[in-house]
Amino acid sequence: MAELSGVVPPVRNRLGRARALHWGLALALLGCCFLSLQIGAADVSLTALLGKVARGEALGAMERIVLLEIRLPRLAMGAMVGAALAVSGAVMQGLFRNPLADPGIVGVASGAGLGAILAIVLGAMLPGWFLALAGNQLVPWAAFVGGWGTTLLLYRVSTRGGRTSVATMLLAGIALGALAGALSGILVYMADDQQLRDLTFWGLGSLAGASWAKVLAAGPLIAVALCVAMFLGRALNGLALGEATAHHIGIDVQRMKTVAILAVACATGAAVAVSGGIGFIGIVVPHLLRLASGPDHRMLLPNAALLGAALLILADVIARTIIAPGELPIGIVTAVLGAPIFLWILLRRRGFVEV
Amino acid sequence: MLSATGIEVRYGDHLALRGIDFRARAGEVSAIVGPNGSGKTSLLGAITATVPYRGAVMLNGRDIAGQRPWELAAQRAVLPQAARLAFPFTVLEVVRLGLQAGTSGARDEVPMLALSRVGMTEHAGRSFQDLSGGEAQRVMLARVLAQVWAPVADGQPRWLLLDEPVASLDIAHQLQVMDLARDFARAGGGVVAVMHDLNLTALYSDAVTVLSRGRCLASGHPRDVMTDDTLSEAYGCSLRVSVPPAEGLPYILPQSAAQW
Ligand SMILES: Nc1ncnc2c1ncn2[C@@H]1O[C@H](COP(=O)(O)OP(=O)(O)OP(=O)(O)O)[C@@H](O)[C@H]1O
Ligand SMILES: [Mg+2]
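Protein chains in written order, with the working numbering: chain R, 1 to 355; chain F, 1001 to 1260.
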């Protein structure tokens, strides 16, 4: 067999760099978690509490509530939602072979938005027993059902004879998005002032409604979807060569598409349901990671989960401290901080992005 | 042995191939030639289960219809006519994409060896998207080669299915790639190559199939198939085939198209 001949230059090992980055991101996530528990509107901090525990002093009820019932579920929700949005973005970009794709494309976001608006504006018309049953979880559930409904509809529209066309899905997603937008517009027109306020806040996204109930409802869905998504790395790498070649190198392309779409619908649907529309994470996080350590999805997906979680937790800390005791919608923070940083990075790369 | 019987490929209303019987033996380079749109890529598509087809394709004695993608991938590698790649992978990363999951150890060096076979080792660390057309094609060939590195595995031949492997290469690299294909076949593997260069085909192939308008016009040894009449009929222009006695291999000269 042939021997290696000639000059072989050292080849950058980007996978090794991505692995190193993985540990760095894990540390950063820990740091963000600490910050999130340490600071907030109330005068309670993790270090002070730990000090008290170490000295054997009893914790006050207020401190206990702030930490265990407010900050901790919020931290958990931020981590879940950030990881879900970032990983969903990376999976969608791999599936559509386009770095600009995001979960919104498969209709989850617009469908979930429509569901939420329906619940906010028309929810009061539902029978009383149903409202009592749903309690304050009506909007999240409506969003989740709306997101799933649109995804399944899109999947049906773009699948012929057992093969799904991602191009059809993209076009149909735009059409359905426009339809959902129009319906939402009609509902907004019908809404009263309080409902309008609710709508606006929902649209900007927020972790303010975090509770253990929501964490427990969305957490398992997101966790399962993300675990499944982590196994898509090799298949998404192969898909970069096109669907036919992916099949030639041994990837079951149709099964992979189905799994990817379901995982994204689950993760994004649940994330949008509990936190509203938080933009930007799904596109920026995978893009930054590709710049830092290459497009290999086997490390891109886990790294996206870590960076997405860390960034959203950080954004939430800012959202709830910067105008304390008031609170900004987190979507505003991710956009106001994220957009300039993203632009700066693009400028430094002289605006030239390889795709 | 790779055999396709009664192959029909249809795109909507358009019948691209009908009643094709195609056979390729391990140890040989089998060429498929024919004019643009005659159905060469479609035939390769059927053989690789890429396009829906009617008929039966047997690979090493087993029908490909019932096999999973990874079972097929262990037996054959496919070079598409046009290379495409989303995302800025490096050359070496692209070549690694073809490797089966979970392989390591001895096979770690296969991608670099494959790159050296196509003379692209110096470019291993570059972004694939920066390469020239011919360089990109050679890298894709290295990827295909890495996938079925051993021509024989578990006593069964493995297959290289190449759609116009030398299309955008300079003459030296055309020869290098055809040599590589022949070496693979001589070592016990099978090669099927769609070709446009009739002289290279005559030089390197052990069997030729001529397609024309979705039908098989002729197939057999290049000396028997590559005749004035067959080629002129297939391509619709006047071609003169000469066989110098010394080497015994036909070479093809175009004559004025105006005569036809
Ligand atoms: N996806 C498709 N949809 C519709 N028609 C197709 C499709 N692919 C190929 N065809 C048609 O089928 C016929 C055979 O195409 P094929 O690609 O097999 O030709 P070919 O022999 O490989 O040509 P070339 O030398 O140009 O590569 C052509 O007429 C082509 O227009
Ligand atoms: Mg072709």
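Bear in mind the hints are in silico, worked out from the structure with no lab data behind them. It is possible that part of the hints are untrue.
Calculated Cβ distances over 10 Å to all of chain F for the following chain R residues [to be verified]:
| hint | residue |
| --- | --- |
| 1 | ALA178 |
| 2 | GLY238 |
| 3 | LEU241 |
| 4 | LEU288 |
What follows is a list of derived Cβ distance ranges for each label pair [what the hints assert, rightly or not]:
| hint | chain 1 | residue 1 | chain 2 | residue 2 | range |
| --- | --- | --- | --- | --- | --- |
| 5 | F | TRP1070 | R | THR47 | 46 to 54 Å |
| 6 | F | HIS1221 | R | LEU262 | 51 to 59 Å |
| 7 | R | HIS22 | F | ASP1108 | 49 to 57 Å |
| 8 | F | ARG1062 | R | ARG19 | 53 to 61 Å |
| 9 | F | TRP1070 | R | LEU170 | 23 to 31 Å |
| 10 | R | ALA182 | F | PRO1035 | 44 to 52 Å |
| 11 | R | ASN13 | F | HIS1014 | 44 to 52 Å |
| 12 | F | ALA1056 | R | THR258 | 25 to 33 Å |
Ideal Cβ positions, reconstructed from N, Cα and C, are used throughout, including at glycine.
Now for the hints, and whether the structure bears them out:
no.	hint	result
1	ALA178	26 Å, holds
2	GLY238	6 Å, violated
3	LEU241	6 Å, violated
4	LEU288	14 Å, holds
5	F:TRP1070 with R:THR47: 46 to 54 Å	53 Å, holds
6	F:HIS1221 with R:LEU262: 51 to 59 Å	53 Å, holds
7	R:HIS22 with F:ASP1108: 49 to 57 Å	21 Å, violated
8	F:ARG1062 with R:ARG19: 53 to 61 Å	39 Å, violated
9	F:TRP1070 with R:LEU170: 23 to 31 Å	28 Å, holds
10	R:ALA182 with F:PRO1035: 44 to 52 Å	51 Å, holds
11	R:ASN13 with F:HIS1014: 44 to 52 Å	48 Å, holds
12	F:ALA1056 with R:THR258: 25 to 33 Å	28 Å, holds
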